[in-house]
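Visitor: Listed here are the chains, written in short residue letters.
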Amino acid sequence: MLKTEQVDSYRFLDRTTKKLVESWTELETPREIPWTPLSKPLEESTVALISSTGLALETDHPFDQDGERKNPWWSDPSYRAIPYSARAEDVNLYHLHVHPRLVEQDLNTFFPLQRLLELEVRGVIGRSAANHYSYMGYTLQPQILLDVSVPAMIQQMQQDGVNIVVLIPV
Amino acid sequence: MSVPRLAAIEYPLGFLLGRPDDQVGQSAVLHSTLSALSEIKWPGGVVHLPFEWPQSARRLNANPPQMPPIVKYLLRHPWHIPNLLSRDIPDSQLQELPSQLAYDIRG
Numbered sequence: 376m377l378k379t380e381q382v383d384s385y386r387f388l389d390r391t392t393k394k395l396v397e398s399w400t401e402l403e404t405p406r407e408i409p410w411t412p413l414s415k416p417l418e419e420s421t422v423a424l425i426s427s428t429g430l431a432l433e434t435d436h437p438f439d440q441d442g443e444r445k446n447p448w449w450s451d452p453s454y455r456a457i458p459y460s461a462r463a464e465d466v467n468l469y470h471l472h473v474h475p476r477l478v479e480q481d482l483n484t485f486f487p488l489q490r491l492l493e494l495e496v497r498g499v500i501g502r503s504a505a506n507h508y509s510y511m512g513y514t515l516q517p518q519i520l521l522d523v524s525v526p527a528m529i530q531q532m533q534q535d536g537v538n539i540v541v542l543i544p545v
Numbered sequence: 639m640s641v642p643r644l645a646a647i648e649y650p651l652g653f654l655l656g657r658p659d660d661q662v663g664q665s666a667v668l669h670s671t672l673s674a675l676s677e678i679k680w681p682g683g684v685v686h687l688p689f690e691w692p693q694s695a696r697r698l699n700a701n702p703p704q705m706p707p708i709v710k711y712l713l714r715h716p717w718h719i720p721n722l723l724s725r726d727i728p729d730s731q732l733q734e735l736p737s738q739l740a741y742d743i744r745g
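Those protein sequences? They're chains A and B, same order as listed.
Residue numbering for the first sequence follows the numbering used here, beginning at 376 and increasing consecutively.
Residue numbering for the second sequence follows the numbering used here, beginning at 639 and increasing consecutively.
So that you can see chain A by itself, here it is in the shape it has in the complex (with noise of 0.2 Å):
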């Protein structure tokens, strides 16, 4: 069953994020869409989890956040890789534009790692990927991100097998 009304992007985003975003959105020019079909079943499909976060493992290095407290127009263009198994207590939220406590409040309201295990083990899909991804979303200067980070993540996704990838924003 699908809604069928116009999707409000803004519903819960204040007045100043609102006019930001929608600034943001008549920069982009318009360009072609990446399109893969489905190379098999979801109920075989191997998936990964990427979140514009800040997620890194407690033992991982941290992201940068002083970089950005002292020039706030930067932010961290590297990312991190988070296990399959990781729980709440294991990683930390470095974006600086979120709450830190959404991790132990429930890290699957906004990184489902435990929810995507779940569908595995009922048959939903094949399998979650061994690894899943965060990285800093706040990025006013995507170079990096998109020249270094994003293929380096792609290439651990394919030794991966990965089928799917999720991205989910915040």
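Because the hints were derived from the structure by calculation, they are not lab data.
The structure presented is a predicted model; accordingly, all values stated were derived computationally and were not measured.
Careful: at least some of the hints might be erroneous.
To be verified - Derived Cβ-Cβ restraints for the label pairs, each shown as a range:
hint: 1; chain 1: A; residue 1: 467; chain 2: B; residue 2: 730; range: 30 to 38 Å
hint: 2; chain 1: A; residue 1: 464; chain 2: B; residue 2: 717; range: 42 to 50 Å
hint: 3; chain 1: A; residue 1: 476; chain 2: B; residue 2: 725; range: 24 to 32 Å
hint: 4; chain 1: A; residue 1: 444; chain 2: B; residue 2: 725; range: 30 to 38 Å
hint: 5; chain 1: B; residue 1: 717; chain 2: A; residue 2: 415; range: 53 to 61 Å
Said to hold, decoys possible - Just some of the chain B residues that point at chain A, by a computed CB distance under 10 Å:
hint: 6; residue: 641
hint: 7; residue: 643
hint: 8; residue: 651
hint: 9; residue: 681
hint: 10; residue: 694
hint: 11; residue: 701
hint: 12; residue: 709
hint: 13; residue: 716
Where a beta carbon is used, it is the ideal one built from N, C-alpha and C, also for glycine.
Assemble the complex: chain A is given as a structure, and chain B must be docked to it using the hints.
Guide: Here is chain B on its own, set in the frame of chain A:
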């Protein structure tokens, strides 16, 4: 700008899968999102997921405990607000950017 397939949901950012501890709701959203893969037949296609954010959770938000650095900066330098709206980073700030190429990018 678009992604190949879009599963749209009118939930607040930080809670796109659902409310904290609502396993059934989160699972339903994730399952519907994945089902949209086969429902969308063309690049840029959109499926509007059939979920309503409950009134009882209307105060839930992901706002940070402190103002983000760019907000603090713009309060002190309001003449740079148009720069942010147009993603046109002021020259003075561009020179201050960390050496990104030297940055450890590894996941």
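Visitor: Holds or violated: is there a CB of chain A closer than 10 Å to the CB of residue 651 (chain B)?
Guide: OK, holds: residue 651 (chain B) within 10 Å of chain A, min 5 Å.
Visitor: Okay, residue 444 (chain A) versus residue 725 (chain B) on CB: inside 30 to 38 Å?
Guide: violated, 20 Å
Visitor: A range of 30 to 38 Å was offered for this pair. Does it hold for the Cβ distance of residue 467 (chain A) and residue 730 (chain B)?
Guide: holds, 32 Å
Visitor: May I ask you to test the interface hint for residue 643 (chain B) with respect to chain A, counting a Cβ-Cβ separation under 10 Å as satisfied?
Guide: It holds, given that the least Cβ distance between residue 643 (chain B) and chain A is near 9 Å, below 10 Å.
Visitor: Quick check on residue 716 (chain B) please, does its C-beta sit within 10 Å of some C-beta on chain A?
Guide: violated, 12 Å
Visitor: With a cut-off of 10 Å on the beta carbons, see whether residue 641 (chain B) makes it to chain A.
Guide: holds, 7 Å
Visitor: Using 10 Å as the Cβ threshold, decide whether residue 694 (chain B) counts as touching chain A.
Guide: With Cβ-Cβ at 15 Å, over 10 Å, it is violated.
Visitor: Against the range 24 to 32 Å, how does the distance between the Cβ atoms of residue 476 (chain A) and residue 725 (chain B) compare: consistent or not?
Guide: holds, 30 Å
Visitor: Is it true that residue 464 (chain A) and residue 717 (chain B) lie within 42 to 50 Å of each other by Cβ?
Guide: holds, 44 Å
Visitor: Could you see if the CB distance from residue 717 (chain B) to residue 415 (chain A) stays within 53 to 61 Å?
Guide: holds, 54 Å
Visitor: So, as I understand it, the hint says residue 709 (chain B) touches chain A; can you test that by seeing if any CB pair is closer than 10 Å?
Guide: Cβ of residue 709 (chain B) sits 8 Å from chain A, so the hint holds.
Visitor: Holds or violated: is the Cβ of residue 701 (chain B) closer than 10 Å to a Cβ in chain A?
Guide: Check passed: Cβ of residue 701 (chain B) comes within 6 Å of chain A, closer than 10 Å.
In summary, the structure is inconsistent with hints 4, 10 and 13 from the numbered list given earlier, while agreeing with the others.
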